[in-house]
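Taking the hints into account, I'd like the entire structure generated from these sequences.
Just so you know, the sequences run in chain order A and B.
Quick note: the first sequence, position 27, residue 26 per numbering that gives the first Met the number 0, numbers continuous.
Quick note: the second sequence, position 229, residue 228 per numbering that gives the first Met the number 0, numbers continuous.
No lab work stands behind these hints, which were simulated from the structure alone.
The model shown is predicted, which means the values in this text are computed figures rather than measured ones.
The beta carbon of each residue, even a glycine, is placed where N, CA and C say it ideally should be.
Please note: incorrect hints may appear among the correct ones.
[Stated by the list, open to error] If the Cβ cut is set under 8 Å, some of the chain B residues that face chain A in the computed set are:
| no. | residue |
| --- | --- |
| 1 | P36 |
| 2 | A41 |
| 3 | W303 |
| 4 | F311 |
Each chain is listed here by its residues.
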Amino acid sequence: MRTSTHSTKRRAPKKPAPEPADSHPGLTADETPAVRGSPPATDVVLAGSAATMADYMPALRILESAGAIRVQAVVSREPGGHSSLVNEFRNARAAPSVDKAVVAPGALVVLASLPHLHPAQAGAAFRRGWHVLTLSPLARSAPEAMTMLATAQRHERLLAVALPHRFSAGVNYIRVLCHDQLIGPLIRVDVHDGTPPAAAGAGGTDGALVEPGVGVLDLLTWCMGPPEIESYADDAMGGVEANASLRLMFPESVPAAIHLSRDWPTARSYEFVFERGIARWTPRRPESLQLQLASAPAALEGSFRPALVAGAATVPDAASAAEADPFRAQLQNVLDAIARRAPLAVPAADAVSALAMADACRARRTLLRQPWLSHNESVHARTLSMPIGLRRE
Amino acid sequence: MKIAVTGPESCLGSRLIEALHLGDGASVAAVPASESPTTLTARFSIDLRPADPCGAESLRKAFERCSSAIHTGGTTALDAKRSAIAFARAAAGARVRRAIYVSSPPVPASDSREPGAAAAMTDYPSGERSQAAAERQFLSECRRGGVNAFVIRTGIVYGPRSPLIAEVAMELRESRAWLPRHGADAFSGVYVDNVVAAIRLCLKTKAVLTEPVVVADAETATWRDVYHLIAQDLDLSGSRIRSTPSGAAVGQDEARSAASNAQVAHLVALQQRAPKLESNAAAKALGYHAAVAFSDGIRRSCQWWRFVQGEFEPAA
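What follows is the structure, encoded as structure tokens:
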């Protein structure tokens with residue numbers, strides 16, 4: 000009998016050599032790809048352009064480097080609209096539509112396209128077996144959003160909406176101030192938000208009430224509860240609004256004045272005035288806050304760190320910019336929800352109430368006075384601002 | 000038949016569309032550059048025809064079924080000649096009857112003149128010489144194509160959505176406004192509605208103009224007048240405006256600020272270089288007169304500034 004010198008035991012597969020830490024610059028030790036035991040990467044499809052995806056790029060880069068995702072396709076309807084995104088991710092291929100992207104079921108598509116494209120693109124994604132994360136607004140109206148929700152449920156896929164302010168340390172701090180009245184009850188809120196779109200693609204055909212309006216309404220409702228609408232006016236004269244003004248009344252008789260603009264840069268400022276202080280936040284620096292305490296001689300401005308404990312021997316470090324990134328926090332939550340590791344923190348149903356509020360605003364809109372118009376121009380502007388059936392020309 | 004307006008998102012273009020669409024009830028086609036946002040135009044339900052501002056064929060398609068085409072600027076000195084030629088050829092190709100080209104006047108580079116004195120052509124830097132060349136090419140191409148052409152030269156167009164008004168308002172609010180030579184230099188501005196009035200005259204006149212006409216406000220105002228009126232209309236203290244007897248900045252901080260802020264540097268350059276403009280030729284050829292007074296124009300501009308700061312009221 001021949002004795003084989005070749006072992007009949009199956010050899011264990013060779014472990015790949017661990018990658019040196021400096022091959023993932025910018026990542027902490029926790030973020031470098033684990034060699035064994037880490038969950039498989041989720042395939043990701045990006046639908047939009049570099050401009051509309053800009054806020055998510057740092058998070059996407061980090062998550063791909065960490066092996067949590069693999070960006071497999073970039074969908075853009077404009078020729079060459081996806082080229083810079085494709086170059087950014089080594090596995091990504093360009094596709095002219097969701098239907099033509101070569102990606103397996105179970106993937107996540109991030110819809111950073113214009114809101115009027117969301118229903119069709121989300122429907123196509125669900126049919127492919129993908130989950131969907133749309134940038135806000137989810138849709139252009141509450142009924143449109145409900146239709147998308149129903150389609151997601153029918154296909155048993157997740158539908159999430161990007162509301163990164165809900166993951167922002169600054170906004171959550173304000174939320175606690177509102178709920179717990181740490182510097183007294185809230186007295187009033189003043190918001191100025193919006194900027195002109197940088198290019199035709201980024202602007203789309205939606206007005207200021209949709210972008211940034213729906214996001215603003217969600218943020219305020221998240222902090223203070225649902226409001227009553229006292230008034231709404233904008234400057235649409237047969238088209239869509241470039242400027243809008245809302246006056247809301249929140250629970251406990253807290254008035255809010257909101258100015259939205261896609262016409263001219265605003266301060267992008269959210270000011271909450273309390274009985275014993277003022278808190279001011281801006282989406283430009285979501286992880287910081289300005290705080291004025293009562294009659295203190297100066298305001299504080301800064302980012303966040305774990306709460307202080309009197310007499311503690313050590314003080315925990317503040318989160319890094321990457322860790323504190325609200326866009327990353329939301330993306331990670333969606334990935335965890337897909338893998339059933341955590342519930343979805345911001346399901347799409349949460350976004351419907353803000354859309355319904357925007358619909359209610361439109362139903363009672365009046366025209367903003369534009370004082371540089373002549374009398375005749377103002378009369379005609381008022382006529383054009385009415386629904387067609389009510390006009391008498 | 001429609002009136003095509005290029006540069007519809009600019010200070011002049013947006014105000015012109017408001018005036019034509021709301022005031023005259025005219026049928027308007029907005030022709031933005033292909034990649035430009037169209038936020039202001041989108042307030043109306045009007046024909047939107049994006050085109051390449053330097054592409055004759057692209058513009059020709061945008062001008063189809065239009066009786067008139069109006070170029071409201073927005074191109075750089077580098078592109079001025081190309082866009083003027085493309086505009087003229089497109090107007091001819093689309094059989095537009097009237098083409099109106101709104102052009103900024105040449106600004107002399109030298110600061111050796113007395114304030115307010117007219118400048119000679121040889122003083123102009125090459126960028127502005129190319130603007131004058133663009134006007135000549137435009138007129139020549141239109142004549143060749145059988146289009147009735149008008150060139151309107153303006154000073155600094157101010158009014159709603161004017162970067163000048165915004166910059167002065169910001170300077171005053173942030174207490175960094177300053178005036179070289181105590182602001183005594185002539186302000187060569189024209190309120191936007193006065194330019195619109197001149198354009199309306201060009202759309203109706205039977206006259207054939209072979210040379211550019213200058214359109215300006217009636218009054219002789221100074222830069223000091225501009226700053227002080229804006230400060231007054233916006234309830235900002237006049238004492239926030241610093242001034243120097245020479246063209247130099249006030250103190251080190253202001254010098255650094257002026258050097259690093261391109262818009263402030265541009266405003267400083269405008270203050271130092273612009274001559275007083277006279278619109279006698281426009282009055283004679285078109286019957287133009289500046290219907291909106293300078294102080295009224297500044298007041299309306301400040302009303303617009305308050306509007307975009309969120310200080311507005313519902314229409315009555």
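Status of the hints after comparison with the structure:
1. P36: 4 Å, holds
2. A41: 5 Å, holds
3. W303: Interface hint status for B:W303: holds (5 Å vs cutoff 8 Å).
4. F311: 5 Å, holds
When each numbered hint is compared with the structure, no violation occurs for any of them.
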